[in-house]
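Q: Residues per chain are reported as follows:
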Amino acid sequence: MNLATLSASYLRARPLNTALSVILLALGVATIVLLLLVVGQAEERMQRDARGIDLVVGAKGSPMQLMLSGIYHLDAPTGNIPLSSAAALSRNRMVKRAIPLALGDSWKGHRIVGAGKEYAEHYGANLSAGRFYEKPMEAVLGAEVAARTGSAVGATFKGAHGLGGEGDEHEDAYTVVGILAKSNSVIDRLVLTSIESVWEIHEEHGAGHNPPKDEAREVTVVLLQYASPLAAATLPRQINSQSDLQAASPAYETARLFSIVGVGIDALRGFAAVLILAAGLSVFIALYSALEERRYELAVMRTLGASPGKLFGLLIGEAFVLSLLGVVLGLLLGHGLASILGAWLEHQQHYPVTGLEWRPEELWVAGIALGVGVVAAIVPAWRAYRTDVSRTLARG
Amino acid sequence: MISVRGLAHRYGGQEALRLADWRVAQGDRWLILGPSGCGKTTLLHVLAGLVRPSEGQVEVAGESLLRLEGARLDRWRATTVGIVLQALHLVKHLSVRDNLRLAQYLAKTPQDDARIDDTLGALGVGAKSARRPSELSQGEQQRVAIARAVVNRPKLVLADEPTANLDDASAATVVDLLAEQAARHGATLVVATHDARVKGKFRERLEL
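As you go down the protein sequences, you meet chains A and B in turn.
Under our numbering, the first residue of the first sequence is numbered 59, with each subsequent residue one higher.
Under our numbering, the first residue of the second sequence is numbered 263, with each subsequent residue one higher.
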């Protein structure tokens with residue numbers, strides 16, 4: 059027998075009130091934990107994918123769309139730009155590195171990206187099998203693509219026009235010559251091939267025509283790395299002043315994206331905070347309303363030798379047990395929901411989310427939720443502390 | 263065992279109790295008699311250290327209660343006094359055994375299940391130790407309340423109207439059990455009552 063078992067016994071005897079308080083707190087904690095996991099992992103993933111890319115250059119349109127399609131391969135590209143413009147950018151003295159990409163096709167929902175070997179090198183992706191492509195119509199699969207499709211080196215596949223995997227299949231087949239090791243970057247979800255392959259496939263559409271000359275060829279985006287900090291001030295303006303090009307800064311556009319999405323996230327956070335406060339109120343009401351029916355029990359405990367402080371501790375202990383149950387359940391629920399969401403997103407081939415990761419901020423959430431529960435018990439506990447034993451017993 | 267001199271207590275200026283002099287020897291059994299409102303319960307609460315009297319000196323088991331306060335008074339009460347209340351007030355969500363364990367825990371004495379079994383057995387409710395109070399008859403609850411009062415082997419057992427609302431046979435049994443348990447542990451017994459049926463039970467009586 060101790061305060062904890064005494065508290066637990068009392069709470070067990072009032073299952074409905076206990077369950078209500080625990081569930082309210084658990085829902086609040088779970089909502090915040092889910093947000094922490096999803097937003098935190100998305101931010102980390104987006105930062106990782108954009109690392110080393112200072113500017114995305116593509117056709118005029120929405121700069122955010124350009125960034126989403128060029129770096130994260132989440133949206134449709136804004137259009138194509140002349141190869142000559144891309145080449146000019148790579149020669150620009152303010153540019154340290156330029157990686158042109160040719161987009162437009164997909165295979166089973168995975169985007170086929172025409173790029174040089176430097177694109178895979180940029181993300182530190184190494185081959186786990188086979189070799190890198192050396193000639194047109196050879197392809198290297200990202201780790202997730204290989205795992206999901208079950209394809210190995212030597213397999214062949216036909217790309218489909220468009221990025222959703224629902225367009226017409228091209229006649230020419232790619233041959234898988236290599237599989238990339240998992241790099242935990244966007245490249246895991248892509249099919250890489252040479253830019254020439256993309257050109258060749260699309261020239262096949264215009265059968266009967268002669269292959270276009272380099273001046274007429276196009277790429278979709280160019281990923282740029284600045285040669286110096288000064289370039290950040292001048293290069294975007296210089297590019298945007300050209301009639302056919304647009305530059306988007308990943309840092310700026312990502313911040314803008316999160317500020318837009320952040321309104322919804324803040325609303326959810328506010329809702330979760332309300333749930334936690336409601337749980338605190340529920341703990342308060344449960345303990346306070348029970349004081350009247352428990353006044354003899356508490357007075358008898360005083361006659362048995364309990365100090366006023368012990369009665370105070372008893373009620374605080376009950377609130378702590380309630381809050382602890384709510385927090386533990388909330389953490390499990392939050393991680394469980396993140397895992398379910400992760401499985402669904404994986405099925406949708408979106409950014410992966412895992413419920414198996416723990417974030418340091420969760421300790422704060424747990425601490426605050428426990429604090430709210432315990433603070434809610436202070437007034438009832440103070441009333442228990444002030445129990446007038448003699449008067450109470452004389453009444454009963 | 264008990265020494266009271268010039269005791270008076272007032273609630274909000276209204277006198278609730280006056281007792282000039284009263285002495286009780288260790289092991290004695292006393293009845294405190296008087297009509298409702300004469301101060302019987304107040305006297306028991308004074309003896310238990312639950313009420314600090316407005317005037318007078320009170321010594322119980324060698325301790326001057328006016329000199330005890332806070333945690334020392336709580337500890338003294340837990341180890342020296344056992345109280346049986348009219349309404350029993352067993353803790354509803356605890357089993358019979360846990361009600362007695364609670365008394366041991368609050369008295370900070372080591373948890374002793376053998377003593378609990380012995381005490382419950384002596385009161386004829388040993389087989390009910392796992393039951394909740396709500397699963398017991400009124401008589402059984404009365405016995406458990408007595409067991410809870412004596413499980414820490416107090417030197418003084420106080421009972422406040424223990425026979426109220428009981429039939430004649432039960433009233434006699436409860437007083438006999440209290441006397442038997444007090445004698446078994448060498449404790450002094452003080453029973454406050456206005457019940458005429460138990461007046462002849464003890465030789466020592468205090469009329470208020």
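These are computed hints drawn from the structure, not numbers from a lab.
Be careful, since some hints might not be right.
[To be verified] Some, not all, of what chain B presents toward chain A, calculated at C-beta under 10 Å:
#: 1; residue: V286
#: 2; residue: G289
#: 3; residue: P297
#: 4; residue: V313
#: 5; residue: S316
#: 6; residue: Q319
#: 7; residue: L356
#: 8; residue: D360
#: 9; residue: Q400
#: 10; residue: H447
#: 11; residue: G448
[Claimed, not checked] Selected chain B positions facing chain A (in silico; Cβ < 7 Å):
#: 12; residue: G299
#: 13; residue: C300
#: 14; residue: T303
#: 15; residue: H307
#: 16; residue: R329
#: 17; residue: L330
#: 18; residue: A333
#: 19; residue: A340
#: 20; residue: L364
#: 21; residue: T371
Even for Gly, the Cβ is constructed at its ideal location relative to N, Cα and C.
Q: Does each hint hold? Answer for all of them.
A: Here's how the hints hold up against the structure:
| no. | hint | verdict |
| --- | --- | --- |
| 1 | V286 | violated, 20 Å |
| 2 | G289 | violated, 22 Å |
| 3 | P297 | violated, 15 Å |
| 4 | V313 | holds, 5 Å |
| 5 | S316 | violated, 13 Å |
| 6 | Q319 | violated, 19 Å |
| 7 | L356 | holds, 6 Å |
| 8 | D360 | holds, 6 Å |
| 9 | Q400 | violated, 16 Å |
| 10 | H447 | violated, 17 Å |
| 11 | G448 | violated, 20 Å |
| 12 | G299 | violated, 10 Å |
| 13 | C300 | violated, 13 Å |
| 14 | T303 | holds, 5 Å |
| 15 | H307 | holds, 5 Å |
| 16 | R329 | violated, 18 Å |
| 17 | L330 | violated, 13 Å |
| 18 | A333 | holds, 6 Å |
| 19 | A340 | holds, 2 Å |
| 20 | L364 | holds, 6 Å |
| 21 | T371 | violated, 10 Å |
Comparing the model with each earlier hint shows violations of hints 1, 2, 3, 5, 6, 9, 10, 11, 12, 13, 16, 17, 21; every other hint is respected.
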